[in-house]
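Once you have looked at the hints, place chain B with the ligand on chain A.
Line by line, the protein sequences are chains A and B. When the count follows the working numbering, it moves up by one through the first sequence with no breaks and lands on 1276 for the last residue. When the count follows the working numbering, it moves up by one through the second sequence with no breaks and lands on 300 for the last residue.
Hint data in this document are derived by calculation from the structure and do not stem from the laboratory. Using N, Cα and C, we set each Cβ at its ideal position, and we do this for glycine too. Careful, some of the hints might be misleading.
Said to hold, decoys possible - Quick list of in silico lysine-lysine cross-link-like pairs, DSS-like style, CA-CA up to 27 Å:
1. K237/B to K901/A
2. K270/B to K901/A
3. K237/B to K1166/A
4. K270/B to K1198/A
Unchecked claim - Negatives, chain A to chain B, calculated, CB over 10 Å:
5. P898
6. E930
7. L941
8. L953
9. D1036
10. N1108
11. L1225
12. L1270
13. Y1274
Unchecked claim - Beta-carbon label-pair distances, calculated as ranges:
14. R1229/A to L261/B: 49 to 59 Å
15. A1179/A to S51/B: 17 to 27 Å
16. T1162/A to F53/B: 40 to 50 Å
17. P947/A to I68/B: 32 to 42 Å
18. F53/B to L1240/A: 26 to 36 Å
19. F1164/A to R61/B: 32 to 42 Å
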Amino acid sequence: MPRDHAADILDPIAKEVVNNVGVWVDKEVVPVASEFEHADEFPEPLVNGMAEMGLFAIKIPEQYGGLDLSFECYAGVCIELARGWMSLAGVLNTHVLVAWAINAYGTEEQKENYLRRMVEPEIRAALSITEPDAGSDAQAIKTQARRDGDDYLISGQKMWVTNGQRAGVYLVLTKTEMDTTPPHKGISAFLVDAGTEGFTVGRKLEKLGYKGVETTELSFENARVPALNILGGSEGSGFQHVMSALEVGRINVASRGVGVAQAAFEDSIHYAQQRTAFGKPIAQHQAQQLRLAEMATKIRAARLLTFDAARKKDAGQRTDLDAGMAKLYATEVAQEVVLEAMRIHGGVGYSNELPLERYYRDAPVMVIAEGTSDIQKLVIARNLLREYQI
Amino acid sequence: MNIVVCVKQVPDPETPASQFAVDEAAKRVIPAQGIAPVVNPYDPQATEAALRLRDAAGEGTITVISLGPDSARDAIKHALAMGADEGILLSDPSFEGIDNFQTAAILAETIKKVGIPDLILMGRAAADWDMGVVPIGVAQLLDIPCVTVAKAVEVGDGNITVERVLDDGFETVETTLPAVVSVSNEFGEPRYPQLRQIMLAAKKNVEVWDKESLGLDPASVGSDNRLLALEALYVPKVESNVEVIQGDSPEEKARNLALKLREAKLI
Ligand SMILES: Cc1cc2nc3c(=O)[nH]c(=O)nc-3n(C[C@H](O)[C@H](O)[C@H](O)COP(=O)(O)OP(=O)(O)OC[C@H]3O[C@@H](n4cnc5c(N)ncnc54)[C@H](O)[C@@H]3O)c2cc1C
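Only chain A is shown next, with the shape it has when bound in the complex (with noise of 0.2 Å):
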């Protein structure tokens, strides 16, 4: 596995834009994180300096002031980020998404009103599907958007939505037909406004890790939206519009899983050359250079993985397949990594001195959110048994 962490990129400028991220991330990141992580304190410093460096930018379209770099640049800057900090690379997702939707599915006007101000960020995004009764499936939710002259009145109850306390704006999945069939017809998605009347952002949720990003439950009580603001501007597009966006998240996140998995197996392959036991250092007790060798495998091929469902995406290829197959893959592998580097670190790495716990503990969701692993491997399993029907 090469010590580059950009060596697996392509494009020469994303090479650039990573590696300086990766410096970034090495100085002003890794000596603060756990510390922030452990007071559950959102890094403002931090998020400051992405915006600085224009990270929120890195998706919106030159022609709405915002730096069009590739998906390729974009996994390679979540793994440096997750590298640092898992939390981080998850206040980029939601924001960077929602802005590939709107740009990928909105009208013209809702392209000017919102990219714009996305590029700073004057705003940033939040996505909300989730309900307490509908996550995996998804064209389950009850929140329901009635039409009532030029306006829409929606009411429903959210569920963790990431970014949920300082979004500006939130792309809000709801349902403006209820009995359709399929379901998925009658679901649209809206831009919701900061501060807009009957809508209410609730508690943050406690979690045991991704901490420092808020996740918030939303209430909407007759929250007077206007119809302009339907992504796309008609109904019923929602779902597919919302499921296509998270296949940029399923890239973030799988970005982000061979990230963590990074950190922690150079935390162990350094700590493994340090710790003796047995007259040697464990790094030369062959069980532990199995283990190691088991672990930077997996996480190259997750990295690999990640990068060919990016690249396939700046081609403009359908990536549902390629994404889901990255982000079960990536996000498995940070999972068993973060396990296997907790062995190699035995009880030093359960301690909270060092960051390994903060791995073990931020591993698993990524494992749960943007879809299950069951999902990714649901999704996976539908393409392959179209590409081969008899």
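Coordinates of chain B with the ligand only, in the frame set by chain A:
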């Protein structure tokens, strides 16, 4: 305010000591495997100083010059990504293995060709050989003043005030422009390149000048024409012996320690 910044690419100073090796026969450092060279850590500070001075003046051009192999382009690109305007790479097979006198001469020659700017900034030393003499050499050859190890630089009307770092404090000196100033880490943190600047820098053309385009006398460059003779290159062997000072009481132990130290001529 036109400024030239000289930057150098060096082996990563963070390379683990165990991977640092020299070829004693060839008197060369063997590059560590898989560890990419980096911009000399003091140089972004020189670039930062240049950016602040240019931006305070509201006009001017920052030209970045690096002497080195083709990979030194990365050091130039880094300065461009921070916000410098132009880059020139000085690269020629005969530049390999040259000494500080030749480096200073080639840089001075380049600066004359570019046109002597208001200010020439460099890092206080390069982290590879850590000599810090090139700024002085360039100033000498251009016949202009040199101020080394700067912590702060303020430009006046045709002059500059520089706060210098000394072993035991600071001093403030003033001199005329043009001048060479070498910048120290005490200057403050250099900015991180913004993604937009990185993209612009990647598209910028870095000119490459060689021995011919600089019109250098072939007899003056090349490792055969070094004025500084490298007699030997080796990694010093550091040995440490631990000796526990004996004695029945703390007083006696202290006495024995003092005797040992005097014996070793340390006190
Ligand atoms: C920290 C965090 C942040 C989040 N951020 C956001 C956010 O910003 N926006 C948002 O909308 N949501 C967010 N989520 C919600 C997340 O996307 C859901 O938790 C996830 O999709 C799973 O839904 P669920 O929790 O309801 O689990 P369920 O859907 O109830 O799943 C429970 C189990 O059943 C399995 N299962 C479900 N359906 C099937 C099936 N068909 N076949 C086989 N197994 C199945 C699942 O794989 C899982 O193992 C976040 C969640 C967390 C934990």
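Okay, the hints, checked on the actual structure:
1. K237/B to K901/A: This hinted pair holds, its Cα atoms lying about 16 Å apart.
2. K270/B to K901/A: Violated: K270/B and K901/A sit about 39 Å apart, past 27 Å.
3. K237/B to K1166/A: violated (52 Å)
4. K270/B to K1198/A: violated (53 Å)
5. P898: violated (7 Å)
6. E930: holds (17 Å)
7. L941: violated (7 Å)
8. L953: violated (5 Å)
9. D1036: Label holds. Min Cβ-Cβ 39 Å, cutoff 10 Å.
10. N1108: holds (42 Å)
11. L1225: The claim stands: L1225/A keeps its Cβ more than 10 Å from every Cβ of chain B (closest is about 27 Å).
12. L1270: holds (37 Å)
13. Y1274: Consistent with the label, Y1274/A stays out of reach of chain B, its closest Cβ about 41 Å off (over 10 Å).
14. R1229/A to L261/B: 49 to 59 Å: holds (53 Å)
15. A1179/A to S51/B: 17 to 27 Å: holds (21 Å)
16. T1162/A to F53/B: 40 to 50 Å: violated (23 Å)
17. P947/A to I68/B: 32 to 42 Å: With Cβ atoms ~37 Å apart, the hint holds.
18. F53/B to L1240/A: 26 to 36 Å: Holds, at about 27 Å.
19. F1164/A to R61/B: 32 to 42 Å: Cβ of F1164/A to Cβ of R61/B: about 40 Å, so the range 32 to 42 Å holds.
In terms of the numbered hints stated before, the structure departs from hints 2, 3, 4, 5, 7, 8 and 16, listed from lowest to highest.
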